[in-house]
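From just these sequences and the hints, can you work out the full model?
Protein chains in written order, with the numbering used here: chain A, 1200 to 1829; chain B, 1200 to 1829.
Check the hints yourself; a few may be wrong.
You can't tell identical chains apart in this list, so a pair holds if it fits in one copy or across any two.
Below, simulated EDC-like cross-link-like pairs (lysine to aspartate or glutamate); rule was C-alpha separation at most 20 Å, straight line [what the hints assert, rightly or not]: (1) 1801 x 1824; (2) 1807 x 1824; (3) 1322 x 1248; (4) 1220 x 1578; (5) 1211 x 1734; (6) 1825 x 1800; (7) 1825 x 1783; (8) 1802 x 1824; (9) 1514 x 1357; (10) 1573 x 1357; (11) 1331 x 1357; (12) 1436 x 1425; (13) 1211 x 1251.
The set of hints was computed from the structure by calculation and includes no laboratory data.
Protein chains: 2
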Amino acid sequence: MAVEKYGGYAGKILIVNLTTKKVHVKELSDGFVRTYLGGNGFAARLLYDMIDPRVDAYDPTNAIAFMTGPMQGTTMPTAGKYYVASKSPLTNGYFDSVSGGFIGFLMKYAGYDGIVVTGRADKPVYLYVHGKGEVEIRDASHLWGKMTSETQQAIKEEIGDPFAMVSAIGPAGENLVRYACIITEYRAAGRGGMGAVMGSKKLKAVAVGSDGTQEVKIANWEKYQEFLEWLNEEIKKNPATGKGLPTYGTPILVKSIGVQFGAMGTRNHQFEFDPNFNYENISGEKLNAEYLVKHMACPLCPIGCSKVFKDTKGKWKDAQSEGPEYETLYAFGSMCYIDDLGAIIKADALCDEYGLDTISYGVTLSFLMECYEKGLIDDSFTDGIKLNFGNDDALVNLVEKVALRQGLGDKVAEGSKRLARLIGQGSEQFAIHAKGLEIPGHSARALRGMSLGYATATRGGSHHDPRPTGEYAGASDRTAVEGKAEWVIGTQRFTLLGDSMVICHFLERVLGYTPTEHYVKMINVVTGFDWSFEELIAYCDRIWALERCFNIKAGMRRVDDTIPRRFLTEPIPEGASKGMYTDEATLNKMLDEYYELRGYDKKLGIPKKETLQKLGLADVAEDLEKYIYA
Amino acid sequence: MAVEKYGGYAGKILIVNLTTKKVHVKELSDGFVRTYLGGNGFAARLLYDMIDPRVDAYDPTNAIAFMTGPMQGTTMPTAGKYYVASKSPLTNGYFDSVSGGFIGFLMKYAGYDGIVVTGRADKPVYLYVHGKGEVEIRDASHLWGKMTSETQQAIKEEIGDPFAMVSAIGPAGENLVRYACIITEYRAAGRGGMGAVMGSKKLKAVAVGSDGTQEVKIANWEKYQEFLEWLNEEIKKNPATGKGLPTYGTPILVKSIGVQFGAMGTRNHQFEFDPNFNYENISGEKLNAEYLVKHMACPLCPIGCSKVFKDTKGKWKDAQSEGPEYETLYAFGSMCYIDDLGAIIKADALCDEYGLDTISYGVTLSFLMECYEKGLIDDSFTDGIKLNFGNDDALVNLVEKVALRQGLGDKVAEGSKRLARLIGQGSEQFAIHAKGLEIPGHSARALRGMSLGYATATRGGSHHDPRPTGEYAGASDRTAVEGKAEWVIGTQRFTLLGDSMVICHFLERVLGYTPTEHYVKMINVVTGFDWSFEELIAYCDRIWALERCFNIKAGMRRVDDTIPRRFLTEPIPEGASKGMYTDEATLNKMLDEYYELRGYDKKLGIPKKETLQKLGLADVAEDLEKYIYA
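Encoded structure:
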């Protein structure tokens, strides 16, 4: 069993068991890689087979997969990323996150397509994969409690390899904050608590040495070169990837989403445009004019959306961060009603160091601010902190408390779904999450597709399952109900493809918001699969179904495919999207259509037996029969 | 809404939320108490309504219920107990445990039928319920890390009430050992990790003051007196409750089960009678002759099975413990192949102090000893400990390591199911658990009913769901297949009844191994329900179905209704029960019959819609429809 025919692969996955300290190398076959492509596909299949989805995310029998796709190790634009997946402590379901960081390349150079870690170490450890393939489980007791940047630096020094790449957690991951992230260089695998899973395994970091020399084969070199030339040209020509993102990064979105669309959650989505809030104050334009230190880019990325910002004058003078991204400006800014960019930069930098997802942190805080202002919680709940909207001191100072799970921080660490359940008193109406994952800054009310998209996504409230971009651009009418299910499925296929090749979603503007022949070509020139468009679609639907079956075994059903009550019952009160929302009947109508198109049962949202069989998942169908009526 | 017509109740349940620090008093109605009786029934209903069974046991939204039944506060023999239930970190399902301890009485005197705790404190706390009803959430930071006896003593001193009762956890509960117990006086709510759930809530203890004065009404005083007279007389007359248990306690069983039946798991059930093991050395007779310090009894108990034993001469000189019970002699003795009673007494005492369940601890250790001797794990796994059968130093010294989750102890703390999953290499064949709960010292091979009983029990490997006593006594032929499902259901009904009234299972010898008219009378004289026998049975089946529906929502199915592979494939090799076992086909035949009788679907083991409706659980049926096909 080995990958012989195809390009793009090392052909091996490392399986590391921290309980037994045993390391096993799994050889991949031609059949396996053609069926599961890479990244998302590899991880979904391996984790479905390895994990009992009913166990706790923090159970040592949970596993976490660090994966590459066929593009890592090639020169494909935006491939400077890696993919990570596990059962999430926030959603209790299959979860994945893609992050910048050259570590995916180094894995490939070391001869591995990915690393799966299971078990739990009895004391803090880090994993060191040498470039020549050797694997060490090293003591990390001295690193426990350290910040993410310090940890990366210390490990590079320890292993004597300044060019090694290290994916590390901060104190938040160690202390099992449900939305702890993993930091590689300055980039985060942010969402769903992948860092907390590492923490539960006492795994402080994964390091891969820079001394690997295994090359990645390109199946069709000539056509690959042709494709690259075309793609690089298109990226340059496109206004978003060629100008907007390189110049401003994602903060460019504040003014268009917040003002033009009136669709930027504000005061915990009591508004999506609030005439009393000055969106200009947190805009990309202002960031660039007054805070910009320098532009940065992921390795191999011709777009370069990353920026370093610094406050040089205000209350939070000297605060500096890579970021904030648009999502952070939403979560910390409009949601918490804070328009001091210095505070946002400061809190953003702290989140990166302590290892927290800024979206879940900000949205959870915003939820508590509404609870506080409504009198559902009082000062005894908040340790005496006046948790009103606009409290920038709370935003900044609580980061550490959350990461260390101290006082109020210990509560905020649980996320909005759990907090609403415990606070009760009707607060579930405005807990802004789907399946437990806090919803980002793309409106489920102003963009019809996002309501259905969040509801049906494996991960819940992520803008990287459904994609809002096409609806903003008018590629799909954002008010339409008819045909929306098909659109949403298209965007979900698109992100799954990107997460499998492990490339950046920003390419959607060039390659298409939903799968196109471009993607087929991209895969075929590297791997040599000779896939048809139909095979590409079947691949997407296979992996999507696999993720869903994981969630089905974890107990999720159609009843969990929903969005916050607020979005189903309260129209947007002000601004350009005033009056818009998706009511329950409309959501249900779209859901019916969605399941129909996907070949899922409409009552429970479970993939039908024949659907699974058609997708090449007959064994999964058989397994599922033990748990559900087929 | 209040309990007005019926005797036996305070009519109120305390609901304490450690996240919000809010305390709420739930009033019970006549209808509620008649439908849910008490203890097990109250908890099953309240927890079904409060908990999403799909969350982690350590999730702050999990809840733990400390309950009484209608007998607490009366003079009913053996009522000196209380009941505790939660989602278990060991089985991931509904779990309950009954323990000696006068705390149930004090709850009633304080005006509460029970206490449900949800949420999680941000620092260690204990709950103090004053006898006059007031509730305090008190700081327990200074008690964190303390042993169970020291904790109880310290709290009694702190609140200035030497007669208060305190249910406390030790370091094992604090450190989330999956089988951490709760200690009240010297008695344990032992199984399923209820202590770990307390630990996850940072709840060190629940204390109830002795200054309560609320009386418990008896519905029919005259008939109650008559019944009591009769019952006390019968207890005295019965050889087990009148003589065997008072004289020897449960250790009397070693010789009969180990030698006479040849049915006492030995060397991790490689044997159930091993001619090379001297069962005499760990017998009740030897304990009584050489180790007995004194007899003790739970409050109000005319049986008095409890003993204090001390080693006065051997390697473990001065070791002293309340116990060991028979189950501990099995788990530490024959299972770990240790016949030095001093070591067993020492480890037993340590388990009580650190707060560990002796069955799960001993059986897990025994599993690892087999793994070690088979070479599946080596010295790097065991921190250099030679983990051979018979290593009494390991048994004693590891208790602390497990409780503190240090080194090998951190692994042992996970229990055999999870360890087998991580160790692999075929070790799942001999991981001795059902649904993740380690199996006690009553053979699933020599007693046919226990194979079906463990397989179908809500809790898995507990001898307090199915009961072995009747099969030992010949009330049901232990080799029979025919009719065994009915027998098992009868014993499951019996234990559920006992756990609802909250009385001791030892009364089975007097009142019947399966429900009889005696139980009807016992309930009716105290409560005044005027139940018929049919209503009694319907009650039992209602609560059993409710527990099962909790597990169904947690993802369990027929496929989980099983026993260790060893028991299904390897006949007992030696002794009086040589050759006996239940193969898979036989188990399946009994399972089919079991589900048929219970009104559960045979394919998945899910209660049918009409069964739930008939049992008065139409709302549960409706809820379940969102997750399964009815």
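Against the structure, the hints come out as follows:
no. : hint        : in the structure
1   : 1801 x 1824 : both (17 Å within a copy, 13 Å between copies)
2   : 1807 x 1824 : both (10 Å within a copy, 17 Å between copies)
3   : 1322 x 1248 : neither (27 Å within a copy, 38 Å between copies)
4   : 1220 x 1578 : between (47 Å within a copy, 12 Å between copies)
5   : 1211 x 1734 : neither (24 Å within a copy, 62 Å between copies)
6   : 1825 x 1800 : both (17 Å within a copy, 12 Å between copies)
7   : 1825 x 1783 : between (32 Å within a copy, 16 Å between copies)
8   : 1802 x 1824 : both (17 Å within a copy, 9 Å between copies)
9   : 1514 x 1357 : neither (38 Å within a copy, 47 Å between copies)
10  : 1573 x 1357 : neither (51 Å within a copy, 38 Å between copies)
11  : 1331 x 1357 : within (17 Å within a copy, 62 Å between copies)
12  : 1436 x 1425 : within (17 Å within a copy, 96 Å between copies)
13  : 1211 x 1251 : neither (23 Å within a copy, 39 Å between copies)
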